[in-house]
Amino acid sequence: KQEVTQIPAALSVPEGENLVLNCSFTDSAIYNLQWFRQDPGKGLTSLLLIQSSQREQTSGRLNASLDKSSGRSTLYIAASQPGDSATYLCAVSLWTSGTYKYIFGTGTRLKVLA
Amino acid sequence: KAGVTQTPRYLIKTRGQQVTLSCSPISGHRSVSWYQQTPGQGLQFLFEYFSETQRNKGNFPGRFSGRQFSNSRSEMNVSTLELGDSALYLCASSYGQGNEQFFGPGTRLTVL
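Chains as they are written, first to last, in this note's numbering: chain X, 1 to 114; chain L, 1 to 112.
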């Protein structure tokens, strides 16, 4: 059974720091992996999508990497800003039992201090 | 291109009532998934529809049901509401199954 874990559950950093958020999954047979951010009480905003054949994706100050063999993905945020404060979730998509399923991690709550 | 829209944004109901939530996906997207999010349980998958057919279902009681129309718009219905159904209900659309998901703003349901 695929499980997705995000550590740490919460993180507080001063503004300007570079930081790394981690996402681990137990089954390497994924179709893709997606990173989201969620602001309190709001929907999820898609940040980056990495296909299973890719190693990384970049968007602005964000860089996500994927290592299927070790079951890990990292989201790198450069020069963090207070506006980056949110909960970050990763989700894997996999083919199982004749259909695609999305499995979400429990998220990392990030607070960037001004 | 318009994003995923959900209506209503907020709902207050009493126990025993039923509720219908609506989701309009991004134009051209044929897959719609529904999730329930609570502080204690996190994000839990309810069901997924693709081309008007339910393709996937999570571990929720039969009180939770859904459907998808020919224009890909989807509705979910919860009957005989319980206090524990209070949650943020999120809808996500994607072009096809397994593809990148885009979420709507959610419907906040409060059951009194």
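Because the hints were derived from the structure by calculation, they are not lab data.
For clarity, every value in this text was computed on a predicted model and none was experimentally measured.
Every residue, glycine too, gets a C-beta built ideally from N, C-alpha and C.
Just so you know, not all the hints are guaranteed correct.
What the hints assert, rightly or not - In the DSSO-like style, the derived pairs of lysine-lysine whose C-alpha atoms are separated by at most 27 Å in a straight line are: (1) X:K68 x X:K101; (2) X:K68 x L:K13; (3) X:K42 x L:K57.
Claimed, not checked - Per the computed footprint, the stretches of chain X lying under chain L, defined by three or more beta-carbons under 8 Å from a beta-carbon of chain L, are: (4) 28-36; (5) 50-63.
What the hints assert, rightly or not - Just a few of them, taken from the derived set where beta-carbon distance is under 7 Å, the chain L residues facing chain X: (6) L11; (7) L21; (8) N56; (9) G58; (10) R63; (11) F102; (12) G106.
Hints, one by one, checked against the model:
A C-alpha spacing of about 17 Å is found between K68 of chain X and K101 of chain X, which places the hinted pair at or below 27 Å, so the restraint holds. Between K68 of chain X and K13 of chain L the alpha-carbon distance is near 45 Å, which puts this suggested pair outside the 27 Å criterion. Restraint check for K42 of chain X and K57 of chain L: satisfied, since their Cα atoms lie roughly 24 Å apart, inside the 27 Å limit. With 4 residues having a beta carbon nearer than 8 Å to a beta carbon of chain L, the region 28-36 of chain X meets the requirement of three or more and the stated coverage holds.
Against chain L, the region 50-63 of chain X contributes 0 residues with a C-beta closer than 8 Å to a partner C-beta. That does not satisfy the three-residue criterion, and the hint is violated. Violation of the interface hint for L11 of chain L is found here, the shortest Cβ-Cβ separation to chain X being roughly 14 Å, above the 7 Å cut-off. The beta carbon of L21 of chain L is not positioned within 7 Å of any beta carbon in chain X (closest approach about 13 Å), and the interface hint is therefore violated. The beta carbon of N56 of chain L is positioned within 7 Å of a beta carbon in chain X (closest approach about 5 Å), and the interface hint is therefore held.
Interface hint at G58 of chain L: violated, since its Cβ lies 9 Å from the closest Cβ of chain X, which is beyond the 7 Å cut-off. Because the closest C-beta pair between R63 of chain L and chain X is about 22 Å apart, greater than 7 Å, the hint is violated. The restraint placing F102 of chain L at the interface with chain X holds, with a minimum CB-CB distance near 6 Å, inside the 7 Å limit. Checking G106 of chain L against chain X: minimum C-beta separation of about 5 Å stays under 7 Å; hint holds.
Against the hints set out earlier in the document, violations occur for numbers 2, 5, 6, 7, 9, 10.
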